[in-house]
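Put together the whole structure using the sequences plus the hints.
Under my numbering, the first residue of the sequence shown carries the number 1, and numbering increases by one thereafter.
None of these hints come from the bench; they were simulated from the model.
The model shown is predicted, which means the values in this text are computed figures rather than measured ones.
Any given hint could be a false lead.
[Claimed, not checked] As a list, the in silico DMTMM-like pairs of lysine to aspartate or glutamate whose alpha-carbon atoms are at most 25 Å apart:
hint, residue 1, residue 2
1, K419, E359
2, K98, D58
3, K201, E43
4, K342, D482
5, K340, E430
6, K326, E152
[Stated by the list, open to error] Derived CB-CB ranges, DEER-like:
hint, residue 1, residue 2, range
7, D232, Q25, 56 to 66 Å
8, S442, Y335, 18 to 28 Å
9, K374, E192, 17 to 27 Å
10, G444, M1, 23 to 33 Å
C-beta atoms are modelled at their ideal positions from N, C-alpha and C, and glycine is treated no differently.
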Amino acid sequence: MIDFANLEVWFVTGSQHLYGPETLQEVEKHASAIARGLAASPEIPVAIVNKPVMTTADSIRQLCLDANSSKNCIGLITWMHTFSPARMWIAGLQSLDKPLLHLHTQFNQQLPWSTIDMDFMNLNQSAHGDREFGFIGARLRIRRKIVVGFWEDAGTHAEIGRWIRAACAWQDARNLKIARFGDNMRNVAVTEGNKVTAQSKLGYSVNGYGVGDLVQRVQQVPDTEVENLLRDYDQTYSVSESLRAGGNRRQSMRDAARIELGLRRFLHETGSQAFTDTFEDLHGLAQLPGIAVQRLMSEGYGFGAEGDWKTAALVRAVKVMAHGLKGGASFMEDYTYHLKGKGQVLGAHMLEVCPSIAEGTPSAEIHPLSIGGKEDPVRLVFTAAPGPAVNASVIELDNRYRMIVNQVKVIAPEHALPKLPVARAMWLPEPDLKIAATAWISAGGAHHTALSPALTPEHLENFAAMADMEYLLINQDTKLADFTRELRWNDLYYRLAG
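Right, here's the structure in full:
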């Protein structure tokens, strides 16, 4: 479902012919060593491909055009080993539509104090070569990530790795297909949005389907496939007695499995990597999809409830960024509060929380759902594992998209929740509930979110920059007066820039 195997980032080193062939050979040798060093780092999730040293405007422009047309290239890392006159880079940078990271480093970590001479100085000029490159990036208003640090340091690798994960998600987003079964929940504002704008700015293709199209696939699922999936359920989860073979609710489990298989087939046939549904449009389905949605999310599909396609796209992006990392990611909703002390949030949804964030083995259960008017749905019940996480929302304003991120700490509930029949996560928002909720509401943050213990705010900030989204962070350092000013300044900036 998510595969980084064929993805690559191109490592591009700048120089010029002024220094002669011997220096350029040394530049090439050093660039190749840095590329190999990055590729070998466990923090780097894709291949690093070293490209020939760039010394002319024509070769730079052609390289950028080649990157644009490459299906595997998700971005460029540039480094100026020597001084590389930046006018050579103008045409290439103006044509580039892949993410760009400017690595400010040098091949040697320490000065060779006793032997340093002008030959060494002429070769190792990153200190001012990268400043020349930085100027043209600023002059052309090129969106780019700047990483400063020695190329062998683990911290540098980690920072580059977080940018690469965001680039993977951006590559995926630009070709993302989202299937919507039914429309938005009626009269809800934040889940609405302009799908043409989304496709032109973000690449998302948001496609509506009647729930009858899904029902048809569900009805076509062979009984043998249903029984095979039931055995998978039995082996993977702690199944409640009534849902086990011979139990009086086994048929409901069978209906849920059939829905999962039909939904999976539909998404595969349409090439959709994210989807939405709504409890207001379930005609022909025995129950609201619960365990089906949870299991598909755990494989990397994005999901948004009640027709919320923006959150479905965000969940998919978070899933891509978190691929291969511990902690998982899920569709989430700020549901209710514990107002004692600094305040806690109980996050949940009717059914659809991803088991990738679970602590322990989820329990497969069936309970009534007092909304939607259908049969009792099967769902996985669990509590999220404790630890740091990010909780994010993307909203659409009149002239831009805005991403709001809150750093949180997922905790174990203070008491058992024996009568709460849904998956849930309990967290402490930074810096506390009063400030976090005030800032979130002031920014217009939605009630639907993407929660990920696997990611940091930097992952999401990198993605927002690539997508040209406004980015707002609520964390331990947030002060409401500063946050309010940031909202006002940002509004002015985007109106002038627009």
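Results of checking the hints against the structure:
no., hint, verdict
1, K419 to E359, "holds (18 Å)"
2, K98 to D58, "holds (18 Å)"
3, K201 to E43, "violated (30 Å)"
4, K342 to D482, "holds (20 Å)"
5, K340 to E430, "holds (15 Å)"
6, K326 to E152, "holds (24 Å)"
7, D232 to Q25: 56 to 66 Å, "holds (58 Å)"
8, S442 to Y335: 18 to 28 Å, "holds (20 Å)"
9, K374 to E192: 17 to 27 Å, "holds (25 Å)"
10, G444 to M1: 23 to 33 Å, "holds (31 Å)"
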